[in-house]
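Asks: Next come the chains, spelled out residue by residue.
Number of protein chains: 2
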Amino acid sequence: MDFKVLQSLLKKGMNTKIVLLVMDGLGGLPIVPGGKTELETAIRPNLNALAERSILGLQQPLLPGMTPGSGPAHIGLFGYDPINYAIGRGVLSALGVDFDLQPDDVSARGNFCTVNENDIITDRRAGRIPTEKGAELCNLLSENIKIPGVEVILTPEKEYRFVFVLRGPGLNGDVSDTDPQATGKKALQAQALSSEAKTTAEYIQEFVLQANEVLKDQTPANSLVLRGFSQLPKWPKFNDVFGLNSLAIAMYPMYRGVAKLVGMTVMPAAQSMEEEIDMLEQKWDEHDFFFVHIKKTDSYGEDGNFDAKVGIIEQVDDLLPRILALKPDVLLVTGDHSTPAKMRSHSWHPVPTMLYSELCRPDGISEYGERACLKGSLGPMFPSYELIPLALAHASRIEKFGA
Amino acid sequence: MDFKVLQSLLKKGMNTKIVLLVMDGLGGLPIVPGGKTELETAIRPNLNALAERSILGLQQPLLPGMTPGSGPAHIGLFGYDPINYAIGRGVLSALGVDFDLQPDDVSARGNFCTVNENDIITDRRAGRIPTEKGAELCNLLSENIKIPGVEVILTPEKEYRFVFVLRGPGLNGDVSDTDPQATGKKALQAQALSSEAKTTAEYIQEFVLQANEVLKDQTPANSLVLRGFSQLPKWPKFNDVFGLNSLAIAMYPMYRGVAKLVGMTVMPAAQSMEEEIDMLEQKWDEHDFFFVHIKKTDSYGEDGNFDAKVGIIEQVDDLLPRILALKPDVLLVTGDHSTPAKMRSHSWHPVPTMLYSELCRPDGISEYGERACLKGSLGPMFPSYELIPLALAHASRIEKFGA
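Chains as they are written, first to last, in the working numbering: chain D, 878 to 1280; chain P, 878 to 1280.
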């Protein structure tokens, strides 16, 4: 829905409550032909009972056949078309390490790499150096690099990966990658893609020069490449667009980061799913929209551990009565994307979704699973960003259009 | 479908006949969990028998979660995307009281209201004055207000509501509301939103000044506010766009008004559903598209009277054989939106729809109801404005695209 039309229709002073329960990577695949998915395998009496009182469907995070990363997938669930509201790679990397990005910061995803005597990249991952080595190199660079006028902040990620942040006045992220994303090539020059980014590109080139000098005697990580220079996007805030007072509850930095990016209030990291529900109960009276993120469905999917993913879904089923006891006006249950254990990765498959509300017109389906959702009134491939407007409607928060 | 593409494909000289039967507010909700909707409850042998020879689905009047007023909902059924073809609030109000709007007229929705000694609005509805009082105040204003160069015509609606029409040469509706749509504020100045509307805004401000003078000693309706200044839209006409010679048959002003707005020939108000079908029979040879509007499904839905709404659907079922006896090439049966008795209001829920034609590929569904339509080939959430192109195709009125 167009934000402007929607905003003109939002009812004032409503206190109805919406819960968005996201099991990350929920959608799955059968391991053997004719078999069941992870969700279909799980013993899930509470989810199935809720299905009888809900509308169901399969949502599509992006476009047919497109596999989303965690960032875009959540942006869609938050009601923004993730193709139009794209987050830069650098910003996503910073969110993933819980980095407190400031509005003017320019961030990028960095790789330590190996170059030969002619500066040709021979390994884009520097032999997958240990995580400790990556952290040591970040320290070494931080101590030795000085660029007048700006601060460079390097945060190690796993192995050869790090987050690059440039902080200072008047920066602009419209700069081309130095990472050619191929071996057998030299690193590229960082170039300003608009006149506003000229100084920023010069700072980055200065950083690259100094960094190569610092790293030149290291083995195998004797150079680095950067990609996805970007700044925090200046988007309309979730609370303003949808007239909500939102709270995000999640265990991992990326999800708290994406929630913060759209302006949600974010709880400190929970240590378990149970603690996430504790937080939901404690904060119930203070907010009217709650994003609750369950991570481990995705983690076990990525591990290829079908049974463990099934187990997490069963734990969520056990926790569901605690959420329902709060009497939300609308409860959305979905995933951000599919992560079939069979594929050990994110995938493009549509995501089983249900919307419960006293005001929904139940589909008469008594199961929450991929094949069951296929028969639901939300359809087999609706855009994920339609969920929030639908939830608002079922929470009696949207006025009639026209007379 | 794009009008230009469609128009280029229209067959000439066809005399096939299409009936669009609209039960206003048809879609419903079960009163108790697991129960049936109004339509599902109705004894409807003729509708169910027709379903077996039809294609079915649930249409969405606007966008997911958006509840339409009667105007936009009908514009969609007439084949226009109601978000892009929006009707001004003033025009809708004028249509609702059967006012014969002229192309240059500027109309607005008016409220009598109460203001305190500082001109602050304390009640936007002036204590819901009786309808007779509203009419008396409209007369009083009409007798006392003189604005050289233009005519002001006030038509009372229910209680505190009235329709404001400004008539004269060179008017333009691009003027901002005086209604702040909140209490605790003063009425706003009517401001020209384009240079063409400058004189119109001045006329409106002059009206407001004189009106406040006339009303000042009244209690509680001592002032008024206006909103939704607008003129008849200059849209392509239904008959031109779709190559049809259309006739509208309806009991209530709003529906005859919206039909007139898109250029349909409009029958005088029928007094009963039976008389509507009489009119259809009498005019069968003179037109090839017939919009037949049944009002009371919506009225009883708004009243929260589930059983009476069921009763109207059963009466329509009884009348269906008379329509089928005319042998329409296409019969569309739908609603303009949902009005669940449970909610006593319009709602966003998709609307059960069927398209009968000798040339359709029947879905093999032997029931016309919300849950049955969910399984149909029109899908669970198709845009209402796709119905007319589909009807034209099934009436053999669209040529092949490309060779």
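I should point out that these hints are in silico values taken from the structure, not numbers from a laboratory.
Owing to the predicted nature of the structure, the values given are computational and were not obtained by experimental measurement.
Accuracy of the hints is not assured; some may be wrong.
When chains are identical, the list treats them as one kind, so a pair holds in a single copy or across two.
[Said to hold, decoys possible] Below, computed lysine-lysine pairings styled on DSSO-like, alpha-carbon distance capped at 30 Å:
#1 Lys1063 / Lys1137
#2 Lys1137 / Lys913
#3 Lys1277 / Lys1252
#4 Lys1111 / Lys1093
#5 Lys1063 / Lys881
#6 Lys881 / Lys1093
#7 Lys1277 / Lys1063
#8 Lys1114 / Lys889
#9 Lys1114 / Lys1277
#10 Lys1219 / Lys888
#11 Lys913 / Lys1252
#12 Lys1219 / Lys894
#13 Lys1093 / Lys894
#14 Lys894 / Lys1114
#15 Lys1252 / Lys1114
#16 Lys888 / Lys1063
#17 Lys1219 / Lys1010
#18 Lys913 / Lys1075
#19 Lys1010 / Lys1204
#20 Lys1160 / Lys894
#21 Lys881 / Lys1114
#22 Lys1219 / Lys1252
#23 Lys1075 / Lys894
#24 Lys881 / Lys1075
Asks: Check the structure against each numbered hint from earlier and tell me which ones fail, lowest number first.
Replies: 1, 2, 4, 6, 13, 15, 17, 18, 19 and 23
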